[in-house]
Amino acid sequence: MIEQLTCPFPIRQYPHVLLAHGGGGKLMQQLIEKMFSYAFGPKPVHGLHDSTVLNLPVSKIAFTTDSFVVKPLFFPGGDIGSLAVNGTVNDLAMSGAKPLYLSLGFIIEEGLSMESLWNIVRSIKNAADEAGVTIVTGDTKVVDRGKGDGIFINTSGIGIIEHSLNIAPGFVKSGDAIIISGDVGRHGIAIMASREGLAFETTIQSDCAALNGLVHLIIKSGADVHCMRDLTRGGLASALNEIAQDSGHPIEIEEAKVPVIEEVASACAMMGFDPLYVANEGRFIVIVPDKQCEKVISILKTHPLGQGACRIGSVSDAGRPLVSLKSFIGANRILDMISGEQLPRIC
Amino acid sequence: MKYLDEYRDPVLASQLSRQIHKMATKPWVIMEVCGGQTHSIVKFGIDTLLPDEIELVHGPGCPVCVTPLETIDRALAIAGRRDIIFCSFGDMLRVPGSTTDLLSVKALGGDIRIVYSPLDAIKVAQDNPKKEVVFFAVGFESTAPANAMAVYQAKKLGLKNFSLLVSHVLVPPAMDAILSSKSNRVQGFLAAGHVCAVMGYTEYFTIAEKYKVPIVVTGFEPLDILQGIAMCVQQLEEGRVEVENQYVRSVTKEGNLHAQDLISKVFKVIPRKWRGIGEIPNSGFSLNNEYQDFDADLKFKLGHIKTLESLQCLSGLILQGIKKPYECSAFGVKCSPESPLGATMVSTEGACSAYYRYKR
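Those protein sequence lines, which keep their order, are chains B and A.
Going by numbering that gives the first Met the number 0, the first residue of the first sequence is number 0, and it counts up by one from there.
Going by numbering that gives the first Met the number 0, the first residue of the second sequence is number 0, and it counts up by one from there.
Don't read these hints as lab results, they were simulated from the structure.
Every residue gets a Cβ at the ideal spot worked out from N, C-alpha and C, and that includes glycine.
Wrong hints could be hidden among the right ones.
[What the hints assert, rightly or not] Facing chain B, a subset of chain A residues (Cβ under 10 Å, in silico):
#1 9
#2 210
#3 294
#4 297
#5 301
#6 302
#7 329
#8 332
#9 333
#10 336
#11 356
[As the list claims (entries may be wrong)] With a cut-off of at most 30 Å between alpha-carbon atoms, the simulated DSSO-like pairs for lysine-lysine come out as follows:
#12 A/333 <-> A/323
#13 A/323 <-> B/70
#14 A/298 <-> A/267
#15 A/181 <-> A/154
#16 B/325 <-> A/333
#17 A/42 <-> A/130
#18 A/209 <-> B/256
#19 A/21 <-> B/325
#20 B/146 <-> A/129
#21 A/105 <-> B/146
#22 A/267 <-> B/172
#23 B/172 <-> A/252
#24 A/209 <-> A/267
#25 A/105 <-> B/325
#26 B/256 <-> A/42
#27 A/129 <-> B/70
#28 B/146 <-> A/323
#29 B/70 <-> A/298
#30 A/1 <-> A/252
#31 A/209 <-> B/325
#32 A/130 <-> A/105
#33 B/172 <-> B/25
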């Protein structure tokens, strides 16, 4: 882990990223060697090559990619660096894979402070160490000022599948239990609260975290996992709708059972948002047979990230593949997918 | 959550529901005026707890929905200019104008910013002295005080680069227009709680008296609305015509006198066009003579704008409680929140959007 180590790259000499830092010349070489290689591991013995060669212990792998454009770059509970690692690690984990390797692509806007870049790199390293993954390849481009938003990051990831479960919406069955790993809405509200112009006082921190440890515990227990989904953009409502549509099964949940902390509920009430649509970066749902529900919840609760785990609903029998929600006052309605962005309302 | 959970209690909700079932012996048509109430009704499924006798129709109290097309087109014309920073509440951004919407203008390079308060737009104007900052001042009496305060402060600060594009509307004249229409079906009203928190409810006595309709000032949480309905049904069943206040925790008869004072300093009452309904006398605010310098309409001299409204959209009839969203042939087919034909499909407070999201 990198805590307070100073960066060997001469930040004082280059306080801001220049176009030349992505130009393929000496400045770029210096940035790679003194910042990136320093953080992510030394050069291979036989020198850097155009691609990395990996030995994988199994033949069944999961492969995914994701791009990160969050604004602001640093927010309560995380930053674009930790998000870029955890986002891809979680996508791998949701298909039941054990994440091993990540690629890291930077698109940096000319003028980004070198200190910020170093803080992001450090955060990536720490998040990768926590998740147990290695950064094995990368790329850096620098674009003209005004053509990016500080920095964009792309990560791709490879994970290995060491079990024989079939985990996907198509394997969801009628009567299955839907379990959530904890309270929803923290990431979206933390981001919203720290955006310029929308600032309001709050102590809410993003839930940004790697979920592979939690998933590993569930799979190791022998639970017959039918599907998992992390609750990122579009929140719980969108994840449930995607699963309903892809599986062809209706889903029923109870609004009162979905955990939402007081601060998030208050912020949502004030801004006219529904926490069920707000993004998370460290929460997921797992769908298992009804009779395994209690066991899986108790396993989740043994992990610090699963303390708030609970059942929120079930997969129903035949019918239109919609998500229905029993509201706080006991009436039923549709829980639709979000259309566009949630926009703060007038009154 | 304190101050919200108390008003979402399922046991009390079912008690009120039973009470309404017992009371209702005849069919009654009740209109909730405010879009916020419509949203709560559909979101919490309040209508499903009511007996068949009670029909709720959804009123015109959604500012996004009733802002006239020409005003949206004016906003689009202003927001597209390079020398402008256009500030707006979030849910105006998706409202379709004749040919485009603010989100698309933003995508093409317009500097359009979502703000929570018009006072934030003042700050934007102070921070950007070389740009003209325009705030889109829409809403009912409930948002008027904050918008009035923004102009009041701008004048005090001597800001020359700040103006308002005003499209303020007033609730009581709209209720009057609905009740005087030949096709009116409304027999009782749930008046908009937040509007009354500002204006009080003395204005409603004449309406209740003139049209013999009970009016209950009502809040926005499920128990507020159920209680408002219960009070209204009780009046209807007993043949009483009164103005009652369910929302006592926020509303007094006189309203907020400070806010009213500020409104009268800055605005004057004018006839205003309502999208889908037409012009209603004395139903809007515009800046008074003392604040003309802050009127974006005058500042940018846009003149006449030719508008093009969708012929298929029934939003006018829906806003008057004459039609239900599912009675429109475009509902869910040609018209959805992703590609709305009319504003009632845009705002979360619009009846069409609420039906599309929660009741398909």
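Here is how each hint holds up against the structure:
1. Using the Cβ-Cβ criterion of 10 Å, the hint placing residue 9 of chain A at the interface with chain B is satisfied: the shortest such distance is roughly 5 Å.
2. About 26 Å separates the beta-carbon of residue 210 of chain A from the nearest beta-carbon of chain B, more than 10 Å, and the hint is not met.
3. Annotation: residue 294 of chain A was flagged as interfacial toward chain B, and the flag is violated, the nearest CB pair being 20 Å apart, outside 10 Å.
4. Taking 10 Å as the C-beta contact cut-off toward chain B, the hint placing residue 297 of chain A at the interface is violated, the least distance being around 24 Å.
5. The interface hint given for residue 301 of chain A is violated, since its Cβ lies 23 Å from the closest Cβ of chain B, which is over the 10 Å cut-off.
6. With its C-beta approaching chain B no nearer than about 27 Å, residue 302 of chain A sits outside the 10 Å limit, and its interface hint is violated.
7. With its C-beta approaching chain B no nearer than about 16 Å, residue 329 of chain A sits outside the 10 Å limit, and its interface hint is violated.
8. Here the hint on residue 332 of chain A is broken, as its CB sits about 15 Å from the closest CB of chain B, past 10 Å.
9. Checking residue 333 of chain A against chain B: minimum C-beta separation of about 15 Å lies over 10 Å; hint violated.
10. The criterion of a C-beta within 10 Å of any C-beta in chain B is met by residue 336 of chain A, whose closest approach is roughly 4 Å, and the hint holds.
11. About 5 Å separates the beta-carbon of residue 356 of chain A from the nearest beta-carbon of chain B, less than 10 Å, and the hint is met.
12. With a C-alpha separation of about 16 Å, the suggested pairing of residue 333 of chain A with residue 323 of chain A holds against the 30 Å cut-off.
13. For the suggested pair residue 323 of chain A and residue 70 of chain B, the alpha carbons sit about 41 Å apart, so the restraint of at most 30 Å is broken.
14. The suggested pairing of residue 298 of chain A with residue 267 of chain A holds, with an alpha-carbon distance near 18 Å, which does not exceed 30 Å.
15. With a C-alpha separation of about 45 Å, the suggested pairing of residue 181 of chain A with residue 154 of chain A is violated against the 30 Å cut-off.
16. Distance check on the hinted pair: residue 325 of chain B and residue 333 of chain A sit about 29 Å apart at the alpha-carbon level, within 30 Å; holds.
17. Taking the CA atoms of residue 42 of chain A and residue 130 of chain A, the gap is near 41 Å; set against the 30 Å cutoff, the hint is violated.
18. This hinted pair does not check out: residue 209 of chain A and residue 256 of chain B have alpha carbons roughly 48 Å apart, beyond 30 Å.
19. Straight-line distance between C-alpha atoms of residue 21 of chain A and residue 325 of chain B comes to about 24 Å, which keeps the hinted pair within the 30 Å bound.
20. Proximity of residue 146 of chain B to residue 129 of chain A is assessed by CA-CA distance (about 23 Å); at most 30 Å being required, the pair is judged to hold.
21. A threshold of 30 Å between alpha carbons decides the hint, and for residue 105 of chain A with residue 146 of chain B the separation of about 16 Å falls inside it, so the pair holds.
22. Distance check on the hinted pair: residue 267 of chain A and residue 172 of chain B sit about 62 Å apart at the alpha-carbon level, beyond 30 Å; violated.
23. For the given pair, residue 172 of chain B sits about 57 Å from residue 252 of chain A by alpha-carbon distance, which is inconsistent with the 30 Å threshold.
24. Annotation: proposed proximity of residue 209 of chain A to residue 267 of chain A holds, straight-line Cα distance about 25 Å (limit 30 Å).
25. Restraint check: the Cα-Cα separation between residue 105 of chain A and residue 325 of chain B comes to about 38 Å, which exceeds 30 Å; the hinted pair is violated.
26. Among the hinted pairs, residue 256 of chain B with residue 42 of chain A is consistent with the structure: their alpha-carbon atoms are about 16 Å apart, no more than 30 Å.
27. With a C-alpha separation of about 26 Å, the suggested pair residue 129 of chain A and residue 70 of chain B falls inside the 30 Å cut-off, and the hint holds.
28. Proposed proximity of residue 146 of chain B and residue 323 of chain A is contradicted: the alpha carbons are some 47 Å apart, above 30 Å.
29. Using a Cα cut-off of 30 Å, the hinted pair residue 70 of chain B and residue 298 of chain A is violated, with the two alpha carbons roughly 34 Å apart.
30. Distance check on the hinted pair: residue 1 of chain A and residue 252 of chain A sit about 26 Å apart at the alpha-carbon level, within 30 Å; holds.
31. Annotation: proposed proximity of residue 209 of chain A to residue 325 of chain B is violated, straight-line Cα distance about 41 Å (limit 30 Å).
32. A C-alpha spacing of about 16 Å is found between residue 130 of chain A and residue 105 of chain A, which places the hinted pair at or below 30 Å, so the restraint holds.
33. Taking the CA atoms of residue 172 of chain B and residue 25 of chain B, the gap is near 58 Å; set against the 30 Å cutoff, the hint is violated.
Hint violations for this structure: numbers 2, 3, 4, 5, 6, 7, 8, 9, 13, 15, 17, 18, 22, 23, 25, 28, 29, 31 and 33, all remaining hints satisfied.
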